[in-house]
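Produce the complete structure using the sequences and hints provided.
2 protein chains.
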Amino acid sequence: MSIENLHAVPNLTTVLTGPLREIEQHLLNQQASIENWFRNQWRKTPAPFYASVDLRNAGFKLAPVDTNLFPAGFNNLNPAFMPLCIQATQSALEQICPDANNVLIVPENHTRNTAYFESLAMLQNILSKAGYTVKIGSINPEITEIQTQKLASGDELTLHPLTRIGNKVSVEGFEPCLVLLNNDLSGGTPEILENIDQTIIPPMRSGWAHRLKSGHFGHYQQVAESFAEQIGIDSWLINPLFTTCGEINFMKREGEDCIAHNVGNLLKAIQAKYDQYGIEEKPFIIVKADAGTYGMGIMTIHSVEEARELNRKQRTKMSKIKGGQAVSKVILQEGVYTFESWGNEQAVAEPVVYMLDHFVVGGFYRVHTGRGRTENLNAPGMHFEPLAFAEPCNSPDEKMSPDACPNRFYAYGVIARLALLAAAREIDELKRSDA
Amino acid sequence: MSIENLHAVPNLTTVLTGPLREIEQHLLNQQASIENWFRNQWRKTPAPFYASVDLRNAGFKLAPVDTNLFPAGFNNLNPAFMPLCIQATQSALEQICPDANNVLIVPENHTRNTAYFESLAMLQNILSKAGYTVKIGSINPEITEIQTQKLASGDELTLHPLTRIGNKVSVEGFEPCLVLLNNDLSGGTPEILENIDQTIIPPMRSGWAHRLKSGHFGHYQQVAESFAEQIGIDSWLINPLFTTCGEINFMKREGEDCIAHNVGNLLKAIQAKYDQYGIEEKPFIIVKADAGTYGMGIMTIHSVEEARELNRKQRTKMSKIKGGQAVSKVILQEGVYTFESWGNEQAVAEPVVYMLDHFVVGGFYRVHTGRGRTENLNAPGMHFEPLAFAEPCNSPDEKMSPDACPNRFYAYGVIARLALLAAAREIDELKRSDA
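Sequences listed follow chains A and B, in order. The first sequence begins at 365 in my numbering and counts up by one. The second sequence begins at 365 in my numbering and counts up by one.
Since the hints were made in silico from the structure, they are not lab data. These numbers were taken from a predicted model, which means no experiment stands behind them. Careful, some of the hints might be misleading.
As the list makes no split between identical chains, a pair holds if one copy fits it or if it spans any two.
Claimed, not checked - Lysine to aspartate or glutamate pairs mimicking EDC-like chemistry, simulated, CA-CA at most 20 Å apart:
1. 408 with 458
2. 499 with 399
3. 677 with 644
4. 686 with 620
5. 637 with 589
6. 408 with 463
7. 677 with 620
8. 499 with 598
9. 693 with 506
10. 408 with 539
11. 632 with 621
12. 408 with 793
13. 693 with 618
Now the structure itself:
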């Protein structure tokens, strides 16, 4: 058994099959010191309970483009990962709430999103199998009595209306020690949860009412720079450049000059890096609502002209996000090509990595047959391809040389954890701003 | 996704393919409350850093027959389990020694056991991948300078002679925070490790110079009874009956009367249980050196007559164990049939389950083509068959009903953890007897 066969993150199938790219090889070679570095970081800033990170792999560059602190999509993980999920959950909750037995999940307010209910059921199952009694307490005002949702498996998911007595929330006499938010709080902080005695994870300040993508990527930039220095690479290889503008109103065409100006500067900065590395692709920029989620309020921009000439449809699309919230801030982020594709149709794909506590526990590809390599894939029409444990390294009778099955997924797990660390620092800052 | 697809321990291939036995089904059905029960137990008595447990599955009964607190055999685990091993190691060491970066492994004194070196290399790799700098410091007096051992992979294992300066041990200036014993200390407590400032895990008192199998199974009996009550089964179904005698000397034929007498009583007790459950097999007893290891000092006894008529060869075999230590105490343990067999030859097999901290991280079958269903399999001629993740449940496209792939391995993980809990209590007691 050689060192290459051992992986601090699961060795999962990836779409790419060619030789390891330079960044991937570099990260694999330094696995022990990278894990040591992470350990010291988690000691300073504990990881949030969970997160998922969208990555884009351009070959020459591998970077996170979005970090979700209230992940759904657990139903898209491979069942083979469940031992990892359960082990990580046990390890996390033993720290957070050593004497907890009851956990209450506060879900999104969806009433008809069946995929979300499948994810919620899976999350409930993971916590149950970890040895907790778990119920779901909805803060959706439309849910005033118990609702059951039929699942694809034939099982049922039960949603209870959340009630509050004094400073404690409960459902039907079930009083949790721990409240697990699976609701991104785009609509603001729900009164029913304010100042309760029970522990809420992640803290409510990490909801989208308080969080900004630019805040996250500001932390990510610092994390990436410190990590890059540690392992001796250019931080740009793992860090998408970004900038912001002040107040924006797409419908009133306020702030357009700033966007066009910053698009120009950012395109120049990316082009300089492309030139440095001999990359012949064309730079592009992703403009996103700074507090946006669900893939809403996102557009791809290739030139200053394009930024100046937004049509009414584009402006309308950019002006509102989840729950009808108005967009008043945007982040302009370096677009990262994805050179991964899935299936015979060569549909464009990007990996999404799931973490519980500071452990990588699985992932899947987000695939979109109708989108290009420079576009946001988190859009209607996307589907998910769960990653499996990489087969050639899985078989005990394998006679291949150990180098024949490197853990291509390792690099994804490292970059995703860098984004997780940025999120940890971000949450820490948001919490302190609360006090 | 149904609950049956989710497992608190990995879903591994097992030899048995028939319907789930009653005990297995019973344990699977109560997974959440079992995990909850374990969590409360670990809070009272933390699990040792590692252990492996030999199980025997007779179908009607599933029980541990030996618990190793200084496991070797890591090389026999499937590489696919490494993420679980690494995650568990990180979780354990973050607790035990939050600011440790350097770990020193103290191995067995073997100089030619290549299988052991493969295991040691794997253990070193697991710790490295978990993010620690790991060296191996031997206490073998024959090792006075650095020795390298060639591994099957082509890599090399480096053994350093352990040195002590003041109250600290080190190898070549490498000063560990943590000393990990992978030496069962059958020969007694090594002076070089006594009263050092560094943390030693597992504690030296858990070595075979202090430990007795009967002490372990005394704790196991209490654990099994409390667990059986909790989940509503007869504790005998998971607990091998046992008894001991006082001082024994096989060569001087001292203590034989006690053995014969107790064999008679134990056979009667087992027969009563067999009658109760309508089991038509013949009871048998395993007599083992109470401080024995490496499969040495073990014999199978089927009747009082057989116990009375030990021949010279049997007595010689029973009189000495590892390192030439004399046997002065034995444990008489209810024999548990193994009805598992491996391969076309139907070789008798028993599962060995590995745990790091309180997490089940993998296992393999110990297989012996030359032994019967009532015999000790830990003997020359044995080989190992690594368990893999159970394939039918592993594939994301699986269209089978969820019940079609129950986690047969779950029951093994539960019983192994009961033995682990017994070991935790045993170590706790041994430590207190030290003070």
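Homomeric proximity label, residue 677 with residue 644: Cα distance no greater than 20 Å: Neither. Shortest intra-copy (31 Å) and inter-copy (80 Å) distances fail the 20 Å Cα cut-off.
20 Å Cα threshold - placement of residue 458 relative to residue 408: both (18 Å within a copy, 12 Å between copies)
Intra- versus inter-copy proximity for residue 598 and residue 499 (alpha-carbon distance at most 20 Å): So residue 499 and residue 598 fail the 20 Å test inside a copy (46 Å) and across (32 Å) alike.
Same-copy or cross-copy closeness of residue 637 to residue 589 [CA-CA at most 20 Å]: within (16 Å within a copy, 67 Å between copies)
Alpha-carbon proximity context of residue 408 and residue 463, limit 20 Å: between (24 Å within a copy, 11 Å between copies)
20 Å Cα threshold - placement of residue 620 relative to residue 686: Neither. Shortest intra-copy (22 Å) and inter-copy (81 Å) distances fail the 20 Å Cα cut-off.
Alpha-carbon proximity between residue 693 and residue 506, which holds within one copy, between copies, both or neither at 20 Å: neither (30 Å within a copy, 71 Å between copies)
Homomeric proximity label, residue 499 with residue 399: Cα distance no greater than 20 Å: between (35 Å within a copy, 17 Å between copies)
Alpha-carbon proximity between residue 632 and residue 621, which holds within one copy, between copies, both or neither at 20 Å: within (17 Å within a copy, 93 Å between copies)
Copy assignment of residue 408 with residue 793, given that the CA separation must stay at most 20 Å: Answer is within: at 13 Å inside a copy they meet the 20 Å cutoff, but 35 Å across does not.
Within, between, both or neither: residue 408, residue 539 at alpha-carbon 20 Å: Classified as neither: same-chain Cα gap 32 Å, cross-chain 24 Å, threshold 20 Å.
Identical-chain pair category, residue 693 with residue 618, by Cα at 20 Å: Only inside one copy: residue 693 and residue 618 sit 11 Å apart there, 88 Å across copies, limit 20 Å.
When each numbered hint is compared with the structure, violations occur for hints 3, 4, 8, 9, 10.
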